[in-house]
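Below, each chain spelled out in residue letters.
2 protein chains.
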Amino acid sequence: MSELRHDPVKKKWSVIATERSRRPHDFTLEKCEVEPQRESSNCPFCYGNEDKTPNEVFALRKGNERNKPDWYTRVIPNKYPAFRIEGELERSGKGLYDEVSGVGAHEVIIDTPEHSLSLSGYDRKTMYNLFLTFRERIRDLTNDTRFRCIMPFKNHRIGFGSAIGHPHSQVIALPVLPHILKTKLNSARMHYRNKERCLFCDIIEEEQREAKRLVYENQDFLAFCPYASSFPFELHVYPKRHRHNFAGTNESELHGLADIMSELFGRLDRVLQDPQLNFVIHTAPPLTNRPGKPDYWHSIKQDFHWHIEIAPRLTSIAGFEWGTGFHINPVRPEDCAGYLREAAER
Amino acid sequence: MSELRHDPVKKKWSVIATERSRRPHDFTLEKCEVEPQRESSNCPFCYGNEDKTPNEVFALRKGNERNKPDWYTRVIPNKYPAFRIEGELERSGKGLYDEVSGVGAHEVIIDTPEHSLSLSGYDRKTMYNLFLTFRERIRDLTNDTRFRCIMPFKNHRIGFGSAIGHPHSQVIALPVLPHILKTKLNSARMHYRNKERCLFCDIIEEEQREAKRLVYENQDFLAFCPYASSFPFELHVYPKRHRHNFAGTNESELHGLADIMSELFGRLDRVLQDPQLNFVIHTAPPLTNRPGKPDYWHSIKQDFHWHIEIAPRLTSIAGFEWGTGFHINPVRPEDCAGYLREAAER
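As you go down the protein sequences, you meet chains H and L in turn.
For the first sequence, position 101 matches number 101 in the numbering used here, and the numbering has no gaps at all.
For the second sequence, position 106 matches number 1106 in the numbering used here, and the numbering has no gaps at all.
Note that these hints are calculated values from the structure, not bench results.
Values in this document were obtained by computation on a predicted structure and should not be read as measured data.
Fair warning: there could be bad hints in the mix.
[Claimed, not checked] Sample of chain L residues at the chain H side, in silico, Cβ under 7 Å:
{"id": "1", "residue": "Ile-1158"}
{"id": "2", "residue": "Glu-1206"}
{"id": "3", "residue": "Ala-1247"}
Note that the Cβ used here is the ideal one computed from N, Cα and C, for glycine as well.
Whole structure, please, built from the sequences with the hints as guidance.
Below is the structure:
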């Protein structure tokens, strides 16, 4: 099983994922990142090859029979998981250090049966199905009281030579609260305590007033290039109404989300020619069965506001970023927003 | 001038470096990272081409005349700086957000006149000169009371096509304290308050007792793979005696540092065939002219312990890392230390 190890100086966790264990020689083979390609006929994520993957844990499909080739999206356990659902959750001290066993979930979502569909080519229905699947997985994983964080994300065109090219996303559930989410929760809490207003709702107002970083909005969602963007063409997507948890998103809002995400990926493709990118959904941690302080956790409903971060990978991360945690971004977010507004399909 | 912009949710700074400004098209050209190569005869960092760079701010050299080809190391301002020494340091509110003007220093250190010298090929004298140059730059930049952090670092074989291949390092000075350094200072402070012991000195004791993550040590320095390594073959180098500031390193210690760094880069080369890597020196912030709380800053001398982090770049950073701040490391630090111990030259 993996180990979550805590750094007593940096106050952050690392995952020592022994299931993916490699020898030094493996790294020297992998120095050049390549676009993952694989014949569709051999692809374990294509129709007809359902038996080449672990059994599915969820699917949106036409019929009722599991592991049959009639699905729209399909969720399977990761074959080389960083976290496993089985096993005891143990928290232990190791001399000066701290360890938590790698209990959690690590699932792969096959976004679509179409092997060669590009992210910017997803139609509204495909995008809707993907986010509906994220919502259903969050709802299900929330029932497991061991988990402190559930996070859906996608790596688009990022990965080593062995990665599968068929469009897919991931969901992880973790037994500890990651420090990035903890910082966000604390920022939101302090803002609410001082002002009795949601920090994220305030950001929506500020961005609408300033307007120069706005990219697109519809009835339910707003997309903008954040003021302190770490990367060129970074995009944040906020629900306009205050909602702490993505799991509470209703059908109508899911359609709005499919609309805005399709629109943004289309524009990123037109401006940057299908860039490598990640996106991550930041949603409130499960509020059930938290140790102590029920009020503390309960207040997350008013403090926090779920959102999506989209980060195109156009610049390299090197010593400066590693040493300071700052990113150097060579393009003003206001300029990026301008390019992306101009990229609306006419 | 660049802008330092603060993210009110993530509580971190981004540098919007307009001097490096690029248009979307520039990124699509740069998708494939390549090994920087350039003819030595055109190289602005080679002997005889001193007039192709900005005037040097420091050099270790045989003679006394500046910008002449008799140097061992040479320090010049970065031609496309993320921070500039000239200009007013302004701290301003921008609606909901915060901005600090990009006043600082961004210097390039040419490590050696030898255009094609590899990092693992630096002899002890070259390595000594590099770290002596770092020390002198920190001492000089500390006199500028605008700076809250001075950080030397190196990107080895990392960069885009336009990067210069001639061996060089960098030093930056910043008008704000980066959150990674702030977290380290706070961890060290809390540890000292609770135990009246230095956290880093305790880690040295723990690593020496456990021994399984040790890689190399000499009279003055200890190198080990940290317990919660973010990356395969990550290495930390600590001075064995408590020292808060790298600027206080004496000649004899600099020789010890040259020895351990040469040894580590040699072993990394033998195990991983000259991997891409960064290293960063984390040293205490300048303690002069700090606003308020003199005791707070003074206690850094007992709390903090300067150190070096070496991070080979063998794995890719993607959505999971971006969303959580966790890194997934597929090799146990104990195994990495074993490989590196075996790689001692016989």
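Right, here's what the structure says about each hint:
1. A least Cβ separation of about 5 Å between Ile-1158 (chain L) and chain H falls short of the 7 Å threshold, and the interface hint therefore holds.
2. Taken as an interface hint, Glu-1206 (chain L) checks out: its beta carbon lies about 5 Å from the nearest beta carbon of chain H, inside 7 Å.
3. The interface hint given for Ala-1247 (chain L) is broken, as the beta carbon of that residue sits about 17 Å from the closest beta carbon of chain H, more than 7 Å.
In this structure, only the earlier hint numbered 3 is contradicted, and the remaining ones agree with it.
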